[in-house]
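> Order-wise, the sequence lines are chains Y and L.
Quick note on the numbering used here: the first sequence kicks off at 8 and runs consecutively.
Quick note on the numbering used here: the second sequence kicks off at 200 and runs consecutively.
It should be emphasised that the hints constitute simulated quantities derived from the structure, not laboratory data.
Certain hints may be false.
What the hints assert, rightly or not - A partial selection of chain L residues facing chain Y, derived with a Cβ cut-off under 8 Å:
#, residue
1, F254
2, P304
3, H306
All C-beta atoms in this analysis are idealised placements derived from N, C-alpha and C, irrespective of residue type, glycine included.
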Amino acid sequence: GQQLNQSPQSMFIQEGEDVSMNCTSSSIFNTWLWYKQDPGEGPVLLIALYKAGELTSNGRLTAQFGITRKDSFLNISASIPSDVGIYFCAGQGSGYALNFGKGTSLLVTP
Amino acid sequence: DGGITQSPKYLFRKEGQNVTLSCEQNLNHDAMYWYRQDPGQGLRLIYYSQIVNDFQKGDIAEGYSVSREKKESFPLTVTSAQKNPTAFYLCASTLTGEWLMGGQPQHFGDGTRLSIL
Chain Y
8 GQQLNQSPQS MFIQEGEDVS MNCTSSSIFN TWLWYKQDPG EGPVLLIALY
58 KAGELTSNGR LTAQFGITRK DSFLNISASI PSDVGIYFCA GQGSGYALNF
108 GKGTSLLVTP
Chain L
200 DGGITQSPKY LFRKEGQNVT LSCEQNLNHD AMYWYRQDPG QGLRLIYYSQ
250 IVNDFQKGDI AEGYSVSREK KESFPLTVTS AQKNPTAFYL CASTLTGEWL
300 MGGQPQHFGD GTRLSIL
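Could you build the full structure based on these sequences and the hints that come with them?
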């Protein structure tokens with residue numbers, strides 16, 4: 008498997024600000040997933056994308072499956088302190104396994 | 200409640216010792232996975248199993264072994280051949296059939312942190 012290019016590596020923002028992060032790959036994926044991980048816990052699924060061009064929202068979170076099928080972004084609007092954590096993108100090609108980005112660490116100050 | 204249970208939460212290994220990490224799921228999922236996570240890194244696949252009594256190596260299988268004797272259980276053994284075993288280990292599962300059709304993606308346990316004494 009390959010690791011995806013996820014950016015930024017970290018973000019330090021104030022409560023209320025919007026956040027944007029993205030992932031790119033040299034390979035085409037059939038599915039893009041976004042997970043959030045809190046310290047010492049397993050990743051929790053936020054949004055799943057199954058179709059190129061798809062734009063999906065989950066509360067304050069919005070994610071898109073890029074048209075080229077090689078990229079995806081996640082936006083968080085009006086950030087709050089509990090948004091703190093590490094956000095991972097993951098892509099799935101033709102096999103069962105997921106390919107993960109290295110994560111974006113988000114810190115939110117009140 | 201349905202979910203994925205990993206135990207123990209913390210595990211310590213002595214040099215030259217094998218240790219086994221437990222992963223149990225009551226979600227009736229077909230496929231199970233083991234990942235390793237190092238600080239500042241994404242998750243890397245160690246082994247995965249699509250059905251009982253069958254499993255395949257992932258990207259970093261050297262020094263690890265698994266078994267899948269029951270659908271609910273997928274234990275991971277970290278052998279003495281794994282020279283850098285200190286990491287956070289995550290188990291995941293999914294319904295294989297739905298996954299192929301773009302259905303349920305992988306769901307994770309809360310992990311086991313392994314350290315060397």
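> Next step is simple, just say for each hint if it's right about the structure.
Hint check:
1. F254: violated, 11 Å
2. P304: holds, 5 Å
3. H306: Constraint on H306 of chain L satisfied, holds at 7 Å.
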